[in-house]
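Enquirer: Now for the letters of each chain:
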Amino acid sequence: MHNFEDLEDKIIEIYRQHYLDVYRFLICFTGNQNDAEDLTQEVFIRVLNNLSNFTTGSLKTWIFSIAKHAAIDHYRKKKFYSIFKEGFFKKMASTEKEPNELIEQNEIKRLVHTAISKLKPNYRAVVILRGINEFSIKETAEILQCSESKVKVDYHRALKELKKKLRMNAEEVIGNAN
Amino acid sequence: MQTDKDLFDLIKESFPLDPREDFVSETSKKLRQIARKQKRKRRMIQFSFASTSFIICALAISWFFFYGGKDTISNNLYSLGEVNSPSSINSQDPLVYIYQTHNKESFATESKTNEPSEAFHENKNISLVGERLSESLKKKNINSIHDKTNIMGILKERGLSFTKSYEVSRNVINTALEKNKSIKMVFDIHRGAEKRSDTTINLNGKDYPTVAFIVSRSSSNFEENFKNAELLHNKLELKYPGLSKGVIVKNNPNQNTYNQDLLDNSVLLEIGGFENTLEEEYRTADILAEIISDILRTNK
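So the protein sequences, as listed, match chains A and B. In terms of my numbering, the first sequence opens at residue 45 and continues consecutively. In terms of my numbering, the second sequence opens at residue 601 and continues consecutively.
Because the hints were derived from the structure by calculation, they are not lab data. Everything numeric in this text was worked out from a predicted model, so none of it was measured. Be aware that a few hints might be false.
Stated by the list, open to error - Below, in silico cross-link-like pairs of lysine-lysine (BS3-like), each with a Cα-Cα straight-line distance of 25 Å or less:
| no. | chain 1 | residue 1 | chain 2 | residue 2 |
| --- | --- | --- | --- | --- |
| 1 | B | Lys-639 | A | Lys-54 |
| 2 | B | Lys-605 | A | Lys-162 |
| 3 | B | Lys-612 | A | Lys-182 |
Isolated chain A, as found in the complex:
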């Protein structure tokens, strides 16, 4: 039986340590702040409820596998990026920039989001985990529950696709800007 005083403190401590990483993963995955917030909350609630079942292994990878499942479940429900909602850009913290630069930056951001949204969820997850959260190959394999070689392969293919899309579209943007 758990010491119950500890449970509350435990979960808060776990939350403090990991919420940033989880949130970042989720915001890149969903592209939508609302969704990312909801999912982050859901992830940590699931962690809290299942804490007694977690006995061995890395806490971090366990939390992230919960996050990955939550993200993919969510993706299946909402098969489109809600980037196209108006609110997204308005919520972003705006930095002081010149109007032109701002527009161009927004364009590029939009391109990036679109490119990522076009990635299959598995590729998406690998790219974010490796590139944004900077997990090792081993950790990524644990989180995604697949082999390390699959991680490597998927990562390369995902990057390739991303670059292809961005290159094509970047040329378009640059072309338009001129």
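Here the structure of chain A is known, so what remains is to put chain B in place on it, guided by the hints.
Expert: For chain B alone, coordinates are given in the frame of chain A:
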């Protein structure tokens, strides 16, 4: 194009990577709430489990003390003990029935007389010998029924003659046998009317009243009764030669069955005579208990 690192930097810039502060603190609060709820839930479960166990214990204890649980358990323990010893005889069901058709037959020392026909006593009589036999059997773990019915008293009440004693005692033993199907042996205890020299034997420096096994020829169970009486006699002879006078078959005209037709292992025991003392009678009774229990133990 760009390097991978550049690509990722670009991606990082494309997303608001820091969550709102409000969101962070809200989620914190929510997690605390849920943790507390869980704690409460678990406490409730623990509590209800504990109180249920407590109630069950209390019930068990009250059953044990107030509703005869103790008796049930001790009875079961006894029978468990019985079952465990291989050759044990269940001491709960009685195996032997002891009665005295001439229950007031007594002894010279008690009734202060020199005539056998007058050696009768109200309570210091052959019934005491029957009782002694029953007690000795109990010591050997054989449960027996000792009948204390005042047969001769009933005769007097009904104005019946002495010859009707066996009719009266028949009722008694019949009822008893019907109620107790476990009875394997019936003994009607009497004392003889011969002189002391004919009814006493000295073994190892002590005086013992002799035993006669009396079987009625007219009983429908005669063959069985005879066999069983012989068995008793033989066993007795083996251990205490001379103590038994043997099996005596009564075959008079109009012979009384002595109620021996009621069970195929029924015998009339004449233990000593009117010139023996109660103390001497008890000695022989103890020996008889020994022999009877030996037989019952070997014949499962």
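Enquirer: Just pull the numbers of the violated hints for me, sorted ascending.
Expert: none
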